[in-house]
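Asker: Read top to bottom, the protein sequences are chains A and B.
According to numbering that gives the first Met the number 0, the first sequence is numbered sequentially starting from 0.
According to numbering that gives the first Met the number 0, the second sequence is numbered sequentially starting from 0.
If you're looking for bench data, these hints aren't it; they were derived computationally from the structure.
Keep in mind it's a predicted model, so treat the numbers as computed, not measured.
Even glycine gets a Cβ: it sits at the ideal position worked out from N, Cα and C.
Where hints are given, some of them may not hold.
Said to hold, decoys possible - A few chain A residues facing chain B, derived, Cβ under 7 Å:
1. 61
2. 65
3. 127
Unchecked claim - Pair ranges (Cβ atoms, derived):
4. 212/A - 112/B: 40 to 48 Å
5. 0/B - 109/A: 41 to 49 Å
6. 145/A - 35/B: 23 to 31 Å
7. 39/B - 130/A: 40 to 48 Å
8. 119/A - 36/B: 46 to 54 Å
9. 130/A - 41/B: 38 to 46 Å
10. 31/A - 202/B: 47 to 55 Å
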Amino acid sequence: MYVLHYAPDNASLIIRLVLEEMGLPYRTALVDRRIRAQDSAEYRAVNPTGLIPALQSSEETLFETAAILLWLSDKHGQMAPTIGDEHRGNFLKWLFFTANTLHADARLLFYPEQYAGSPDDHVAFRGKTEVRISKHLRLLNDIAASAPPYLNKERPSVLSIYICCLIRWINLYPVDRKGWLPLHDYPALFEISKGLQDRPATHRVADAEGLGPTIFTEPHYANPPEGSAL
Amino acid sequence: MYTLRFSPDSASLIVRLILEELALPYEARQIDRAAGELSSPEYRALHPLGKIPAMETPNGPMFESAAILLYLSDRHPGLAPAPDAQDRAAFLKWFFFTSTNIHTTLMDIYYPERVAGDAAAGSVVTHASAKMKTLLAAINQAAEDNPNWLSFEQPSLLGYYIAVLMRWLGQNDPEATGYIKASDYPALHKVLAMLEMRPASLAVAAAEGLGKTIFTMPS
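With these hints in hand, go ahead and build the complete structure from the sequences.
Answerer: Now the structure itself:
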């Protein structure tokens, strides 16, 4: 039984969707961001970096979203090319690209104050970040258009769930830029988003975290029936 | 056979050290940056963003330093826990932590204008430098138990990755906010001191003209 330390509509959502899609037993433990529980001694004992998510297994407590994705897919032999598969190398490069480039740049949009101090700086900062994010998504869209086994609309993968969640948040945060990203400019990724959001696993998670029926293509803010931390 | 496209003392260094340490046959082909090779159609076919490194493999072109490292170590075991090993999870979380946090923050310190434009560059460096110290303290603590994936007794994928990043931080002007002194992180410093004496490090240092003590006292 896994324990997922989560906050509604936080990066933990990526892991939760994958756990549901793989059909693995897990329970959730809320990290209450209203009282900054991510900085509490209890949570720092689980994850010394204080970041959400963390995933406890019987062997180890994992953190780093992409590390959890890779570990789960290798352990359970699902949703990514296995070691020795001819697509493994390509899968890894796009997984790392998503983690250290797309996700890293998305964090600049969500938390500009952590990167450039003065609010006066944030406008230029945001503009440059939005340009970079658009380029990253064009690149990923080109890959998705060739429908490799790790990024296509037929079968969910850890990478497609990761990218679609990032697109969701890029369109929701910061709130004064809601919906800035024209999804139709990325048709292959848009098709993948539509397919994923209609899956039963996605519906179960969306219901639990109050995300509504179109969590990727027409996202709105979470209104969770359980464990609200917003 | 692998062909690594490299430029001295750039991110290709991490991959080259691992190729040497694993004693794999490879060709190192220097990129002619002055001639604009990174923008050439031939290089863009290997790496659509025109960044360093790229590596040709039997499975096609690879890029992203950390992805190349993991790809190599899973094909040629010895420098990281195998996928079914008990400590694979611990290794993976710190490996991704290094790629997504330490490496990206280092880029913010060295290329702040890419993040925020010239106006906010100073502010970006200040924030990134403070964050770097927190990140290094966290991984230094993980190294204190001397896990075999970040040990001072045996070479490791993660050890080399951290060592190269600390090399670059140590190359900063000691007066600069982004300067990092390796000896401030004792557990990591022991790993660096061991790694820089490895035949693999000495061979790569000689090939790229990096001097001795490439990690603890970089020039």
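Asker: Which earlier hints turn out false for this structure, listed by number in ascending order?
Answerer: 7, 8, 9
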